[in-house]
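Protein sequences appear in the order of chains Z and Y.
End of the first sequence sits at 278 in full-length UniProt numbering; the numbers just go up one at a time, nothing left out.
End of the second sequence sits at 278 in full-length UniProt numbering; the numbers just go up one at a time, nothing left out.
Hints in this document: simulated from the structure, not taken from any laboratory.
Certain hints may be false.
[Said to hold, decoys possible] Okay, the calculated beta carbon distance ranges per label pair: (1) Q17(Z) <-> R115(Y): 34 to 40 angstroms; (2) R115(Y) <-> R55(Z): 42 to 48 angstroms; (3) T3(Y) <-> G199(Z): 35 to 41 angstroms.
Just so you know, even glycine gets a beta-carbon here, dropped at the ideal spot from N, CA and C.
Now for the letters of each chain:
Protein chains: 2
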Amino acid sequence: MSTDLARFSVNQMTVRQLSLPELADACRASGVGQVGLWREPVRAYGVEAAAKLVRDAGLTVTTLCRGGFLTALDPGERAAALADNRRAVDEAAALGTDTLVLVSGGLPPGSKDLRAARERVADALAELAPYAGDHGVRLAIEPLHPMFAADRCVVSTLGQALDLAERFPAHQVGVTVDTYHVWWDDRAPAEIARAGAAGRIHAVQLADWTTPLPEGVLNGRGQLGDGAIDMRQWKNLVDSAGYTGPIEVELFNERLWTRDGREVLARTAERFVEHVIR
Amino acid sequence: MSTDLARFSVNQMTVRQLSLPELADACRASGVGQVGLWREPVRAYGVEAAAKLVRDAGLTVTTLCRGGFLTALDPGERAAALADNRRAVDEAAALGTDTLVLVSGGLPPGSKDLRAARERVADALAELAPYAGDHGVRLAIEPLHPMFAADRCVVSTLGQALDLAERFPAHQVGVTVDTYHVWWDDRAPAEIARAGAAGRIHAVQLADWTTPLPEGVLNGRGQLGDGAIDMRQWKNLVDSAGYTGPIEVELFNERLWTRDGREVLARTAERFVEHVIR
Numbered sequence: 001m002s003t004d005l006a007r008f009s010v011n012q013m014t015v016r017q018l019s020l021p022e023l024a025d026a027c028r029a030s031g032v033g034q035v036g037l038w039r040e041p042v043r044a045y046g047v048e049a050a051a052k053l054v055r056d057a058g059l060t061v062t063t064l065c066r067g068g069f070l071t072a073l074d075p076g077e078r079a080a081a082l083a084d085n086r087r088a089v090d091e092a093a094a095l096g097t098d099t100l101v102l103v104s105g106g107l108p109p110g111s112k113d114l115r116a117a118r119e120r121v122a123d124a125l126a127e128l129a130p131y132a133g134d135h136g137v138r139l140a141i142e143p144l145h146p147m148f149a150a151d152r153c154v155v156s157t158l159g160q161a162l163d164l165a166e167r168f169p170a171h172q173v174g175v176t177v178d179t180y181h182v183w184w185d186d187r188a189p190a191e192i193a194r195a196g197a198a199g200r201i202h203a204v205q206l207a208d209w210t211t212p213l214p215e216g217v218l219n220g221r222g223q224l225g226d227g228a229i230d231m232r233q234w235k236n237l238v239d240s241a242g243y244t245g246p247i248e249v250e251l252f253n254e255r256l257w258t259r260d261g262r263e264v265l266a267r268t269a270e271r272f273v274e275h276v277i278r
Numbered sequence: 001m002s003t004d005l006a007r008f009s010v011n012q013m014t015v016r017q018l019s020l021p022e023l024a025d026a027c028r029a030s031g032v033g034q035v036g037l038w039r040e041p042v043r044a045y046g047v048e049a050a051a052k053l054v055r056d057a058g059l060t061v062t063t064l065c066r067g068g069f070l071t072a073l074d075p076g077e078r079a080a081a082l083a084d085n086r087r088a089v090d091e092a093a094a095l096g097t098d099t100l101v102l103v104s105g106g107l108p109p110g111s112k113d114l115r116a117a118r119e120r121v122a123d124a125l126a127e128l129a130p131y132a133g134d135h136g137v138r139l140a141i142e143p144l145h146p147m148f149a150a151d152r153c154v155v156s157t158l159g160q161a162l163d164l165a166e167r168f169p170a171h172q173v174g175v176t177v178d179t180y181h182v183w184w185d186d187r188a189p190a191e192i193a194r195a196g197a198a199g200r201i202h203a204v205q206l207a208d209w210t211t212p213l214p215e216g217v218l219n220g221r222g223q224l225g226d227g228a229i230d231m232r233q234w235k236n237l238v239d240s241a242g243y244t245g246p247i248e249v250e251l252f253n254e255r256l257w258t259r260d261g262r263e264v265l266a267r268t269a270e271r272f273v274e275h276v277i278r
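If we strip away everything but chain Z, and leave its shape as in the complex, we get:
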């Protein structure tokens, strides 16, 4: 692995057209030593089998994506979500990663109360954080772009994510900094410093902002360098905050998914070096 890629991690979603064995092969071919994994493909392959695969390939698992969806009002749904998040913690531990990314969840049907939904996230964290800590897994609350506030994640800013995280010890709960979600926020640099000082930057992810956004706004995240975000600036911000960990590139991009996954991984690693490192 080249020094330039020492901090690079490819999030599985960037090359979701690859199976887990193909991903491991592509990482070896591109000199990539770290991956962020997703629960659904890992479970489809088998958690223990996936853990053995990445271990045998010499890959480090930087995060597991994702737990969360903790905003349900219905008691049965809430209990199911908590149980599912405990399983996600178990899976993270089995895969050998210390970080579970959390997407908090949107408004329940018919509800218009963002504040109450955020408070339910805090209540759920109070149950999950000790469990995660006991298993050596840190929960990394990911603020999602405000355009997802209604249907996906009521936590929209790093400030909100930190306000939640700070109710718990840093080794249990921190935040995920994803450029795609926070780049527009003039308060984000100060919040990154705040998070770093408290040892709460548990994951860093990159994607670029390109327009026009596609219908549903989910799968239009740009390749590094294709959009409006100054990647080097954000890398410098997390570095200045004391973060020395891996930097994942996580692209939800319909166009990239139609291409050869090994090729996409190779180009993504090149873009990382060009736009983040050099």
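Position chain Y relative to chain Z; hints supplied.
Then chain Y, alone, in the frame of chain Z:
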């Protein structure tokens, strides 16, 4: 006009399928006494003719939309934008409205510097604010949802808009509060109070947040009551901040534009009463 509709104003874009005379007729039919107008259809009709039309119809023009687009780097483009904004001030004065809504503009091609773009907005305001004040027109900086930060408006929060506005006298520069753009922001209520205390709430607009967002995310603003936003809460916030002025409903919605405009206006007025007033 019923008491329930005393503060209601229909923004022209909500029923853009109607010509100006049709809009005036529809307002009379629905008991609507106030309209927010857009520059393009007004200019197409003729500014003086439009002013006479609304005057003869007994309509109050609550805002003119819109000036702005003040982020150009190129000196020639910048001068052209300033000249165009002076014309927009003139048009607002001619139409008898005291409020020109400003959409600040996005990043220039190739630029990734939001902060510098916002500073160029401030520089432009320094030239425009006195001109507007001299013509009895207030500039109302509208923060647009962060999903528009790259390509349409680098001012994404009420806090940023107020930081800009406060460099100038309140009778020259204030803000537009549009629920569609600020509803996700847990800091917006405090910023509304700050704006109200300073007499800087120059316009209030409503639209609901519905998902999934359409491609390009421009024309999916929901009819009041159809989405995630608690309209009454936001009406109470501006009221509590001392705002007593008109409340425009501004819906960019492809589906509504295919329907009969008079019908859309009547339904919109009903929704306003149901979700905002009663």
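Going down the list of hints, with the structure as the test:
no.	hint	verdict
1	Q17(Z) <-> R115(Y): 34 to 40 angstroms	holds, 38 angstroms
2	R115(Y) <-> R55(Z): 42 to 48 angstroms	holds, 44 angstroms
3	T3(Y) <-> G199(Z): 35 to 41 angstroms	violated, 58 angstroms
Comparing the model with each numbered hint stated earlier shows that hint 3 is the single one that does not hold.
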